[in-house]
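K.L.:
Listed here are the chains, written in short residue letters.
There are 2 protein chains.
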Amino acid sequence: MMSQFAERMTTMEKSAAIIRKLFGAMNDPDLISFGGGAPAKEALPIDIVREITNEVMRIDKRGVEALQYGSVMGLQDLREVVVNELLSPKGVDAKVDNLLITSGGLEAMNLLCQLYIDPGDVILVESPTFVHCVEIFEMFQAKCISVDMDDNGMVTEDLEAKIIKYRPKIVYVIPTFQNPTGRTLSLDRRKKIAELGSQYDVIILEDDPYRDIRYSGRELQPIKAFDETGHTVLANSFSKIFSPGSRLGYVLASDEVTAKLFDAKTATNSHTSMLPQVICAEFFKRGYYPDHHKMICDLYRERRDTMIECIDRFFPEGTKRTFPDGGLFTWAQLPGGINTTELLVESTTNPDVKVAYVAGEGFFIEGGGMGNNCMRISFGGVSPEKIRIGAEKLGNLICSKLRLRQKAL
Amino acid sequence: MMSQFAERMTTMEKSAAIIRKLFGAMNDPDLISFGGGAPAKEALPIDIVREITNEVMRIDKRGVEALQYGSVMGLQDLREVVVNELLSPKGVDAKVDNLLITSGGLEAMNLLCQLYIDPGDVILVESPTFVHCVEIFEMFQAKCISVDMDDNGMVTEDLEAKIIKYRPKIVYVIPTFQNPTGRTLSLDRRKKIAELGSQYDVIILEDDPYRDIRYSGRELQPIKAFDETGHTVLANSFSKIFSPGSRLGYVLASDEVTAKLFDAKTATNSHTSMLPQVICAEFFKRGYYPDHHKMICDLYRERRDTMIECIDRFFPEGTKRTFPDGGLFTWAQLPGGINTTELLVESTTNPDVKVAYVAGEGFFIEGGGMGNNCMRISFGGVSPEKIRIGAEKLGNLICSKLRLRQKAL
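Here the protein sequences come in this chain order: A and B. One gets the working numbering by counting positions in the first sequence from 1 and adding 7 to each. One gets the working numbering by counting positions in the second sequence from 1 and adding 7 to each.
Mixed in with the good hints, there may be bad ones.
Chain copies aren't distinguished; within one or between two, either way the pair holds.
[Unchecked claim] With a straight-line Cα cutoff of 20 Å, these simulated SDA-like cross-link-like pairs (lysine to any residue) come out: (1) K28 - T265; (2) K400 - S223; (3) K199 - M156; (4) K68 - P36; (5) K172 - V129.
Hints in this document: simulated from the structure, not taken from any laboratory.
All chains, please: the whole structure from these sequences, using the hints.
P.N.:
Given below as structure tokens:
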């Protein structure tokens, strides 16, 4: 009856359905949700935003700038803040001219696909990887192929073999406190991946939204710090350190890539919303960031420690989990063939449990049930008290399932 | 040396270059600019935004909502505001469920292309049309074909003939105070275009960002009001009635199209920035809009009247110009073969003139010098005093050029 949709709407249908299923229906207020990846509401700088707005939203200050059309590349002083306060201290030598402000971190992935992906082009991703980005890649009709991961992140030997075999346009990596596993790519591999990009003329798309909330362990330089040829593109987000609802992110690229990003951004939404940009720039320039950063790191560290302690205590023997030095979640692999997709139905609807997580399967593009014994467990948005209650209930449910299975065998 | 860009980056290169040329370098503060399409800075609700933020950015009010992740479709109460205050009074019977909030009005065009455009698909556009959208269409590798316009907008006979001939996926129309001409599509043609969409199974993409700033003449129902089959998709923007820098717009579509828009929006930037959405919703709900609307209509009416009066007085005999009943610009066609692209160099650099406008040529996808005697003249962002000075200088320059040409003949 109606006009035919474009091809891309079909290729993305599977991942879109996974996302709607994974992340929908998690807003039941009775539920203790380890599902979403949202920051804690206590980590949102509500009062600071009000104070800043009250100061600068005046005709003789930044009022016009905040409400009038802005530049495609983003607000100049926000870009300076990123270069001077977020990149330079991490060992990334960036120029403001090479930095574009995006409408949230994810937009960088969309823009990079606009730049590079013709239908059928290959993108290499981690196994498991962030399903939201797979949806973007599939909308652009890319063929996603997975690269092995271990506790130190993407396995570079497998990456090189697959670069040679599949000639990808893009390698998509989340190097720090990876989504969904919480794993961090080792320093040697960071160097190696930057080199592989240069050597084989492949774009390394480094998506690093969690790196700025490290609360234990040693800081590692981004892959971009080792890029000598402009093949690595660094994407990051203000979602975890400022506010996700503001939809602010940035992308750092070479001169050539930046010129194309300018065109793609223009043809996507002209520029990123100005009011959040002005407020975020002032958040840094007025010196609010260091204290806020310390506060959220303390908050998340306590929640991680509580979650890890509870998993170790209440989950069955043989459970494997990661120990993230930052970020918002851990990843657990259950023993005894328990299917986490099936378990989720019971854990969210059984009135004695009412605990949500994200089932692991959806993060594996390989399909075929891979990862169906895994779960992503977010602790960022849940109070330590509720973490204790929820993890105990979830752990008990898993243990009871396991006993039933063992009895049946 | 570097990875090859996707095909789409080549197809959009021409229009991208036009945009960079047309709209760049217009920020010289010594210039009187009739170039940009930005609202007047006096029309920006700076104090209102501060007051609202001060009220609602509190933990026990809307603070969390404004900074936390939001829903893909947009803020519920902003969508209700649109339906009840902006669509229903205009004769559009809309459901909140069919309305998605976009990151600026342009994003709707990008999303619709994601839904419908495979490389080589045809989009019919007005002649002249908004070059910014042509850039989007070309990024999606659509083939744009122009449809004749007259003083009543797109000529429906030519439209029908071209629908039959080219089997387009989308017909792109700016019905009210069109960009760049300021023309308004007549009521009969609005009905006819909705019918043609249904009859030939073509999406009518109605882009109507100026309709809410009508300050003379009779209100006309949108094309969408006459759509009985869901083939018309209505896009609009808050840029002209609230703030362009906030990047807020909306798109109203059928159930089937809305479901796909949900997926495309998710894969573009997850959702629109929340803080501007919260503030904009409160701007309406607290009743600020009617007075603000009256203020900006009075402001623009005076500027239009001044501009029209000055063009009639200072531009040479034989100049044709439109008389827009709303919006931010008029369109002039100069006599005597004066090339407005060439003239722009002199008008912006000659220290005795220093007046900018947008040369007409770039708005015609036909190329070949079409429209090179036309100019888009924006009055929205310029004070009446400066309109008088600028239009007199520009008129004098045109008259002097004309005399030189006539002498030479």
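K.L.:
Which numbered hints does this structure break?
P.N.:
Checked against the structure, the only hint that fails is number 2, while the rest are satisfied.
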